[in-house]
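S.K.: With these hints in hand, go ahead and build the complete structure from the sequences.
So the chains spell out like this:
Number of protein chains: 2
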Amino acid sequence: MEKDNAQQTLTPLEKPLRCIVKLGGAAITCKNELEKINEENLKAVSIHLREAMMSGEVVDMDWSKRPGRSDICVNVNGISDQSLLNSSNFIVVHGAGSFGHFQASKSGVHKGGLDHSLVKAGFVATRISVTSLNLEIVRALAREGIPSVGLSPFSGGWTTLQRNVASADIATVAKTIDRGFIPVLHGDAVLDHSQGCTILSGDVIIRHMAELLKPEYVVFLTDVFGVYDRPPSEPGATLLKEIAVDEEGSWHVVNPAPKTMNEKVEITVAAHDTTGGMVTKISEAAAIAKLGIDVYIVKAATDHSLKALKGEVKGNIPDDWLGTAIRFMRK
Amino acid sequence: MEKDNAQQTLTPLEKPLRCIVKLGGAAITCKNELEKINEENLKAVSIHLREAMMSGEVVDMDWSKRPGRSDICVNVNGISDQSLLNSSNFIVVHGAGSFGHFQASKSGVHKGGLDHSLVKAGFVATRISVTSLNLEIVRALAREGIPSVGLSPFSGGWTTLQRNVASADIATVAKTIDRGFIPVLHGDAVLDHSQGCTILSGDVIIRHMAELLKPEYVVFLTDVFGVYDRPPSEPGATLLKEIAVDEEGSWHVVNPAPKTMNEKVEITVAAHDTTGGMVTKISEAAAIAKLGIDVYIVKAATDHSLKALKGEVKGNIPDDWLGTAIRFMRK
Chain A
1 MEKDNAQQTL TPLEKPLRCI VKLGGAAITC KNELEKINEE NLKAVSIHLR
51 EAMMSGEVVD MDWSKRPGRS DICVNVNGIS DQSLLNSSNF IVVHGAGSFG
101 HFQASKSGVH KGGLDHSLVK AGFVATRISV TSLNLEIVRA LAREGIPSVG
151 LSPFSGGWTT LQRNVASADI ATVAKTIDRG FIPVLHGDAV LDHSQGCTIL
201 SGDVIIRHMA ELLKPEYVVF LTDVFGVYDR PPSEPGATLL KEIAVDEEGS
251 WHVVNPAPKT MNEKVEITVA AHDTTGGMVT KISEAAAIAK LGIDVYIVKA
301 ATDHSLKALK GEVKGNIPDD WLGTAIRFMR K
Chain B
1 MEKDNAQQTL TPLEKPLRCI VKLGGAAITC KNELEKINEE NLKAVSIHLR
51 EAMMSGEVVD MDWSKRPGRS DICVNVNGIS DQSLLNSSNF IVVHGAGSFG
101 HFQASKSGVH KGGLDHSLVK AGFVATRISV TSLNLEIVRA LAREGIPSVG
151 LSPFSGGWTT LQRNVASADI ATVAKTIDRG FIPVLHGDAV LDHSQGCTIL
201 SGDVIIRHMA ELLKPEYVVF LTDVFGVYDR PPSEPGATLL KEIAVDEEGS
251 WHVVNPAPKT MNEKVEITVA AHDTTGGMVT KISEAAAIAK LGIDVYIVKA
301 ATDHSLKALK GEVKGNIPDD WLGTAIRFMR K
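Going line by line, the protein sequences match chains A and B. If you're matching positions, the first sequence starts at 1 in full-length UniProt numbering and goes up one per residue. If you're matching positions, the second sequence starts at 1 in full-length UniProt numbering and goes up one per residue.
Mixed in with the good hints there might be a few duds.
With a straight-line cut-off of 30 angstroms between C-alpha atoms, the simulated DSBU-like cross-links for lysine-lysine are [what the hints assert, rightly or not]:
id : chain 1 : residue 1 : chain 2 : residue 2
1  : A       : K43       : B       : K15
2  : A       : K43       : B       : K36
3  : A       : K65       : B       : K43
4  : B       : K65       : A       : K299
5  : A       : K15       : A       : K310
6  : B       : K15       : B       : K175
7  : B       : K43       : A       : K36
8  : A       : K111      : B       : K175
Rather than coming from a laboratory, the hints here were simulated on the basis of the structure.
M.R.: Following this line, the structure appears as structure tokens:
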């Protein structure tokens with residue numbers, strides 16, 4: 001039943017989906033400080049998203065009481081239908097960064113076992129932490145006038161079977177978009193049909209939605225300029241600007257152009273060996289690119305990421321653009 | 001399609017549902033202060049809920065960083081499987097109180113019309129406000145060792161048609177319970193198939209879940225001792241201790257015993273005329289009682305509400321118990 005649910009036939013979106021954007025945990029939180037948001041980056045990213053997805057004046061949509069004030073300051077009379085916001089269809093998914101990580105790793109939620117008190121408590125604690133981040137991101141986007149609504153995967157019936165998505169209420173995501181809102185999902189603790197529970201990552205959520213909702217392109221916002229052939233801190237590290245993915249999902253670097261066949265292989269192997277998390281990212285990105293959907297991995301809050309979010313690098317990658325484009329190319 | 005979804009055939013719960021409890025907005029927030037939680041009441045209610053639903057030692061499940069601290073204080077080594085928490089099956093639903101009300105009423109979310117900027121912005125603002133309350137309630141429960149998980153109705157695909165529930169992912173609520181968690185839902189802004197959007201109240205959510213999940217009893221925690229024959233502040237106001245509901249859903253007071261038929265009618269009419277919100281509450285409660293499910297309306301954070309939560313008034317109502325019991329009684 002769950003499998004059917006995951007592969008449900010969906011009513012197509014009223015207007016095609018333009019972009020799924022991942023706000024990487026490293027880009028929007030302070031990596032080395034527990035449960036701390038990188039406010040500066042989050043604000044810059046929210047402004048960029050607004051520029052990429054909508055026009056018209058900014059209407060503050062977070063009408064909560066602000067710290068140190070006793071009432072709510074919002075000029076509702078200033079909101080006219082002229083300020084009506086025609087946003088293009090975006091989905092935002094964010095990672096956890098320094099939220100949830102402590103709770104999940106201390107309790108081993110990803111390994112399952114809900115009959116252990118520690119895992120059960122850790123599951124509750126992880127969800128509290130990641131949903132508190134989700135709320136803050138929804139708020140940040142709403143303040144910039146983005147009609148954002150939080151869609152927590154656990155609440156939306158996302159479950160896994162051996163860590164693959166087994167069920168997910170994609171219909172609610174689609175309805176949310178059709179009504180002109182921007183859904184904001186996140187990596188979450190979820191129920192797993194084989195091991196009881198696990199962590200469902202934002203990247204897996206994106207791949208699943210990309211398959212079903214077919215966005216024009218996908219943007220991963222991170223804290224480095226893109227994918228390098230070795231850790232970016234090492235001397236001589238080269239940014240891989242374009243990676244091609246074929247029908248079988250295998251990938252190779254096309255820019256910088258490999259001088260010889262041998263060198264090409266070396267780059268691939270080097271990336272496998274030394275960049276750790278980046279290889280997982282390339283694999284997820286390659287699985288999306290295989291569907292014919294362009295993927296851009298870019299540094300958050302830069303002109304380069306703004307270009308990617310606007311879809312300006314879709315046809316032709318400008319020479320001065322810094323980022324990694326991963327695209328489908330027939331063998 | 002949505003209607004089918006609402007009337008879906010459910011796999012029965014592994015263990016019967018004991019209680020659905022409503023944390024009334026008036027009981028857990030400060031009515032006259034915007035977005036302010038009544039911390040004292042919320043803590044007392046959380047402790048009562050813990051006593052009513054589980055045994056064993058208290059395991060703090062909110063591992064978030066606390067204000068003024070730079071790291072997370074939780075002794076995970078102290079959590080053994082001996083502290084494993086066998087909770088009985090409860091569902092918590094809370095109202096909005098002083099959260100969401102400002103946002104919803106300023107924008108008219110309940111009247112629909114998402115093509116108006118003000119309504120759209122108000123929808124976003126309302127959800128931010130009510131989900132921030134939900135997060136704080138989940139935290140308060142988790143701190144008392146209740147394995148609480150937030151299930152936001154909007155995220156769970158709850159939609160309405162002319163304000164009646166049109167779809168709802170009850171399967172996720174059931175799965176959450178079966179895995180030993182306590183789902184925490186709330187009144188929310190949702191999509192409506194006729195008018196675009198509306199406010200789905202906690203009371204309607206409870207009625208819908210009571211029909212499908214058949215709890216043994218339902219408890220409404222509020223800020224007065226129960227239902228009175230006139231506003232409780234008026235001299236001579238009498239607490240209606242027991243109300244009987246028949247097959248057709250019509251109700252009458254059985255305790256205090258009406259002396260004459262005329263007086264009985266008068267009490268009913270008086271309640272209709274003067275107590276406003278309470279009549280809606282009795283109607284919702286009567287709809288639940290009609291299903292054969294006892295409903296108790298009690299004052300939060302009192303011995304009376306603790307007795308109701310524990311199910312101790314189910315068979316026989318003690319003379320010194322203050323509250324209103326609404327029960328099915330054949331005509």
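S.K.: Now look at each hint and say whether the structure bears it out.
M.R.: Hints versus structure:
{"no.": "1", "hint": "A:K43 to B:K15", "result": "violated, 47 angstroms"}
{"no.": "2", "hint": "A:K43 to B:K36", "result": "holds, 26 angstroms"}
{"no.": "3", "hint": "A:K65 to B:K43", "result": "holds, 22 angstroms"}
{"no.": "4", "hint": "B:K65 to A:K299", "result": "holds, 28 angstroms"}
{"no.": "5", "hint": "A:K15 to A:K310", "result": "holds, 17 angstroms"}
{"no.": "6", "hint": "B:K15 to B:K175", "result": "holds, 11 angstroms"}
{"no.": "7", "hint": "B:K43 to A:K36", "result": "holds, 26 angstroms"}
{"no.": "8", "hint": "A:K111 to B:K175", "result": "holds, 19 angstroms"}
In this structure, only the earlier hint numbered 1 is contradicted, and the remaining ones agree with it.
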